[in-house]
Amino acid sequence: MVRLREIPRTATFAWSPGAASPLIATGTRAGAVDVDFSNKTCLELWDLSLERQDASEELQPVVKIDTDSGFNDLAWADFDDTKRGVIAGGLENGSLDLWNADKLLAGSSDSLISRTTEHSGAIKALQFNPKHSNLLATGGAKGELFISDLNNVENPFRLGTTTARTDDIECLDWNKKVAHILVTGSSAGFVTVWDVKTKKESLTLNNMGRKAVSAVAWDPAKPTKLITATPLESDPLIYVWDLRNSHAPERTLKGHESGVLSLSWCDQDPDLMLSSGKDNRNICWNPQTGEAYGEFPVVTNWTFQTRWNPHNPNFFATASFDGRISIQTLQNTKDNSQAIADHNQALDGEDFFAKAQIQPQVSKFSLPKPPKWLERPCGASFGFGGRVVSIGLSEKGSRASKVRITPFEVDSSVGNATESFETALKEGDLRSLCETRAAGASTEEEKADWKVFQALLSENPRKTLVEYLGFQDSADEAADSLSKLGLGKKEDEETNGVAEKPKSSAKKHKRLQSMFDATPDSDNFLTELAASKGAQTNNPFQIFNGSESPAEQKITRALLLGEFEKALDVALAEDRMSDAFMIAICGGQKCIEKAQEYYFSKQTGGPNYMRLLASIVGKNLWDVVHNADLSNWKEVMAALCTFADEKEFPDLCDALGDRLEEQVRDSGDKTARKDASFCFLAGSKLEKAVSIWVEELRENEQRGIESDTDNSTFSIHVRALQGLIEKVTIFRQVTNFQDEEKNKDSDWRLSTLYEKYIEYADVVATHGRLQVAQKYLDLVPAKHPEAEVARNRINLAMRQAPQKAQAASTAKSFKPLPQQPNIYQPQQTFSPVAPAIGAQTSYAPPTAAVPPAQPPANAFAPPTASQSQPANPYASIGGAARSGYTPAGYQPTQGMQAPAYGPQSTFGNQSAGTGVVPPPPRAGTQSPGNTITTYTTATGLDAWNDLPEGFAKKAPTPRRGTPVAAATISSPFPGQSPPLAQGPPPPGPPQRAPSVPPPPKAGAPPRVTSPLASSMAGPSPPPPVNPYASLPQSPPTSTMSPPASIHRGPSPYNAPPSVPPPTNRYAPNPAAQAPGPQLQARPPVAPPPQGGPSPYAPQAAAPPPVASPYAPSGPAVAQPPPMGSAVPPPPQRSRPGTAQSQRAAAPPPPATPKYPPGDRSHIPPNAMPVYEILSSDMQRVKARAPTSFKAQVDDAERRLNILFDHLNNEDLIKPNTVEDLANLARAIQSKDYETARVIHLDIMTNRTEECGNWMVGVPF
Amino acid sequence: MAHPKFGTILASSSYDGKVLIWREQPQNATSPASGSSWTKVFDFSLHTASVNMVSWAPHESGCLLACASSDGHVSVLEFRDNAWTHQTFHAHGMGVNSISWAPAAFAGSLISSNPGPGQQRRFVTGGSDNLIKIWDYSAESKTYNLTQTLEGHSDWVRDVAWSPSILSKSYIASASQDKTVRIWTSDASNPGQWTSQTLEFDTVLWRVSWSLSGNILAVSGGDNKVSLWKENLKGQWEKVKDIEE
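Each protein sequence line maps, in turn, to chains A and B.
If you're matching positions, the first sequence starts at 108 in the working numbering and goes up one per residue.
If you're matching positions, the second sequence starts at 349 in the working numbering and goes up one per residue.
Keep in mind the hints are simulated off the structure, nothing from the lab.
Glycine included, C-beta positions come from ideal geometry on N, C-alpha and C.
There's no promise every hint is true.
Capping the alpha-carbon separation at 25 Å, the derived lysine to any residue pairs in SDA-like fashion look like this [to be verified]:
(1) B:Lys589 <-> A:Gly492
(2) A:Lys171 <-> A:Ala139
(3) B:Lys366 <-> A:Asn393
(4) A:Lys283 <-> A:Gly267
(5) A:Lys509 <-> B:Val588
(6) B:Lys527 <-> B:Trp577
Under 10 Å between C-beta atoms, here's a sample of chain A residues computed to sit facing chain B [said to hold, decoys possible]:
(7) Leu155
(8) Leu157
(9) His418
(10) Lys441
(11) Val496
(12) Ala872
Just chain A, with the same shape it has in the complex (with noise of 0.2 Å):
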């Protein structure tokens, strides 16, 4: 508890009912004395101002009356119309005193309602029925009680016989639940309970043994029970009765040391209830159970009342013989020897009463449940994607409560509009899309737009906007008054033949040059100029005939000797023009410009054609652009459609616009935004158009909201929300805009646009089209700050959905993926320390970069110095794995190699028992010049996988991400590098021809690793550093590096599903691995983990006659196992649980094969059907498979020889499995596929610590 407030005043006191702010109202105690030995009494109320926040403030009395008497007992009552109800009090003269407190409160005068004397003696107790606030009981010395009616206070009721009793009642309690029933305690012991209805006692309780009754109370929730308390010494105990059987109390609750004097039951919370008493405590019970919550602190006399707030159960107050009611908290969670300093100090020195006290101790308490009143029973909340989520009690009474989900659009017609607008996007049907729209344009500028973006759709984009202008109504006047300038027809000239066809044709076909063309006025001299060149006229004509003057002799001789230049000079000079331009055509472009050149400086003053002439002519129109009157904007327009240069014309238009918008900031005119927006629109400035649009917004929204009446303001908002969005959308595509600046992180010039894609992915989100919203969240530059945190939300939100709808599609080299949820969760937490995480992504590189670098670190670092040599190791690798193949393709080799060298898993980051692994004696076995491809690991592998270095390297181009990871050194995670290094190459040389051959195949199929082939660009030829350089055989290392999972790049945010890792058609097949018809061969390094029944394994079956399709994966599976923790390839990953786990706990130690991988001499007999039907089989397939088959069919060669290296050591496998394996080889050997499939489930089920890769090449 808090102590809030104090009041000095040793009185009896009730709180003022009702939920306005608390009053405390006192009535001075009768038979207490106060500090001043005065014997005053009188009424006083209190505001606690519990909005101060200071609580050391000495209370002040806000009224007070003087009284004839000292109190007994107070109540406070809501009544009829009075603000702060009446106040009756019970006073030790017997008069019973009712106050209205509004008036006390307001210190009028009349404030006292009644007073009335009915009460021979001292009225000691005294409440308001809380159903009924009219009705009055009191009670008091000798059994006297009576029931007032506020309405008739004079005439009160008594209740019992009028004999007079000798004892007196101390307390009465109205029922709670039923109105006309009152509990009366008194001295001698008699609980009496009255039906107020007959006004006759209905039940007397024996109080055990007739003690004392000092307060009792009623059970607030269940009417029939009432607890009583003692006020003796000796007998300090609560009773809990339930009348139903009165006999006895149900429960005795005990806890007080000396005479309970006060009860008070919670009306809120009816296991709540207080008492105190005369061992100066106050003690908190559930007086369901009995049990005692805790005390309050102590005081220093008798605490003889206490009372929970009526409305606020979390204050009460109790009153004590030390001259104080102290109003706490119920609840205070810590010490506060805060409290305690303060209240020492407020210590008076000089007060008799203050030294006597002994200060509280304040100590914390609190409910072991929360009360009632705090405990919210319902809720319901809106949650991202539109959905309701509500929490209610499952039934009514119980504390069980039930959460719902609820799906919820708050304007359906939003998501109906954006799924068919997206739905007409994706169908590309724009241009009936855009006259949709324009037909259901709701304003001018809307339809205006729509038509532009039709007119844009065009094939002839430009020539449709003049249309759209205008121009091709002859009745435009517009374009009558251009015409009427007459000019261009030098340019009609140009494009003479364009020009005539829509003249002649009809009317409403003419282009603006036909206009042009048409124009009445067709002397244009520069028509005629044309017109008489070269031509024969009937004029002839003297060169010279006497009455020329000097300068046309000049000219005449100049023209004579070719000297066009000169002549022109001469006639400009004269100004003569017509002549000049005359001599200018024959005098060539130079001639002809300069003399334009001239005319036009002079024509200044001249006609406007002739401006816009020049402008033309000049190829310059930013003249145009700038100067023309705006009024005649659309000329202006058309003028550009027609001949603005390609590269100009966007940025004309801009500037057009520009002035337009200039022009309706200035005069407030809106029509022209249309214009303006038009010409935006025209020069492809999306963002200009985007402002304008935006504006329109603003408009459309005002709009709607003033016209329409039955839509919420949101939908008005959403729906012109969507306009913009179309428009933009629609727009982007027909003028198939770029957006240049995604990459850019501030100061966008779109900025407006992306506010809006925010925005409106927001709403579409909300209305559960999560994916739309992603695509517009994806327009906007990925640094946006607000974009980036709405992406990354819908990427949360999406993440479960998608990937089962992607799990879905792509079952089959999938599947894995819907186990995972729940690990990617992790790693879209942001954490970014998970290592896990770091190591797939990153992990290639680390593969290739690391070694040289870390030399020691990396056992296999050699590796990679080998690869320099043609023969690459890692190129096999690097071609299996190809093609979303990587990490399948990759993963085989480590298998292989895995195979090879047992179980040891070499690995890790332990370099150091790496290092031992490559084997130099292995070199020699294999055949192949070291030069070349050391076959390394997988035997079978090389077969196709070895590719040129060079072909390595391009390859590297298909994977994604990938490859540039490799080749940058700079991997996050270097220190996992280490993992790559899987060492021991299985030495033995496959036995198939066909795996043996490292010789690069280009022919083989193009799925290149890229790691690979990073990796081996990088180091240059073995180090000498290197330990291992010596044996570029061993080419074991196998980069691990899984590609896929670099797609899935380190962002936390980036939702697993999104990326479906285009590898692993065959990832899968780790999995696969369990189920397959895969032959356990021995145990493979990496323990698949199989987790049971592998969603391949019926793919596995399927393909029978074929090489087992699946072959490839089975390489997959076997990862070697240290790379589990660092480089846990995607497929594993979804497993996590198994694979990696065991590998990573538990490296075998690495051993070494006896013999040397290929050597079939050392199979056992029993193991030998094994070796016999199988490869027989597997050259029998081989003949058959069609050729697209091959790289199944190598890998299960591959396989198979994992297989066979194995038996051939007898290691790995167990006698049982080989015996299982050699029945299997049987049944496939009499084709009994149903018996093999049954043997090799059993097999991948009960041995799968055994199968590995290889289990996978047993060809179905």
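Given the coordinates of chain A, work out where chain B should sit on it, guided by the hints.
Leaving out everything else, chain B in the frame of chain A:
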């Protein structure tokens, strides 16, 4: 739950006066089956009574958590520079029942051509004194100051909710024990002026919640029912639907 941009963190408050902040720790990627684990990253126990509600501020304002306690105080915890700081101040003497942040942008800033002064840190509280109070952060004094008191309810204000949408008006909904929900609106043009409309119910009301956008109000009452409301253009609130069991 805070905005994901701060990580997956969750604040809880309880009757014991404590506010705990939890963070989800990504589990080892290798064992997703075990799910994620939550670790307690902060334990705030300066309130002396039940903490009835905690609320994360709009993410634009930073990582801020406001807590409403029955001890009459409101505290605002802030995570910045890798540490939690707090401010505690007295709000409703009778106890604070609820708290809700205003959107970070001012109402109307989206559609007005003259955006307001940028972001705001402001929230509303509802208390057992039947009042609703609006608090603003003052960057100068670094404190939260009472800027407005809304009176109208005649009983405890159990919940308040500030609409996250920033259209032309600000909306605050309050649910009260007096069996009414009040929707307080303030026009952007007249920021200090709040007027309220009253929705009457048959039962005490416990929670109000706005949709993330679109101003749909969900009201949940003591009768275990949830109803959704929206405002039509005449400014009247109408029930959209009841969410049935």
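Going through the hints against the structure:
Annotation: proposed proximity of lysine 589 (chain B) to glycine 492 (chain A) holds, straight-line Cα distance about 19 Å (limit 25 Å). Simply put, lysine 171 (chain A) and alanine 139 (chain A) have alpha-carbon atoms about 18 Å apart, close enough for the 25 Å limit, and the pair holds. Between lysine 366 (chain B) and asparagine 393 (chain A) the alpha-carbon distance is near 24 Å, which keeps this suggested pair within the 25 Å criterion. Our distance criterion of 25 Å between C-alpha atoms is met by lysine 283 (chain A) and glycine 267 (chain A), whose separation comes to about 21 Å.
Between lysine 509 (chain A) and valine 588 (chain B), the direct Cα distance comes to roughly 23 Å. Compliance with the 25 Å bound is thereby established for this hinted pair. For a cut-off of 25 Å, the pair hint linking lysine 527 (chain B) to tryptophan 577 (chain B) stands: about 16 Å separates their Cα positions. The beta carbon of leucine 155 (chain A) is positioned within 10 Å of a beta carbon in chain B (closest approach about 8 Å), and the interface hint is therefore held. At its closest, the beta carbon of leucine 157 (chain A) sits 3 Å from a beta carbon of chain B; the interface hint therefore holds under the 10 Å criterion.
With its C-beta approaching chain B no nearer than about 8 Å, histidine 418 (chain A) sits inside the 10 Å limit, and its interface hint holds. Interface restraint check: lysine 441 (chain A) against chain B, minimum CB-CB distance 6 Å, threshold 10 Å, status holds. For the restraint placing valine 496 (chain A) at the interface with chain B, the shortest Cβ-Cβ distance is roughly 9 Å, inside the 10 Å limit, so the hint holds. A least Cβ separation of about 8 Å between alanine 872 (chain A) and chain B falls short of the 10 Å threshold, and the interface hint therefore holds.
In this structure, every one of the numbered hints holds.
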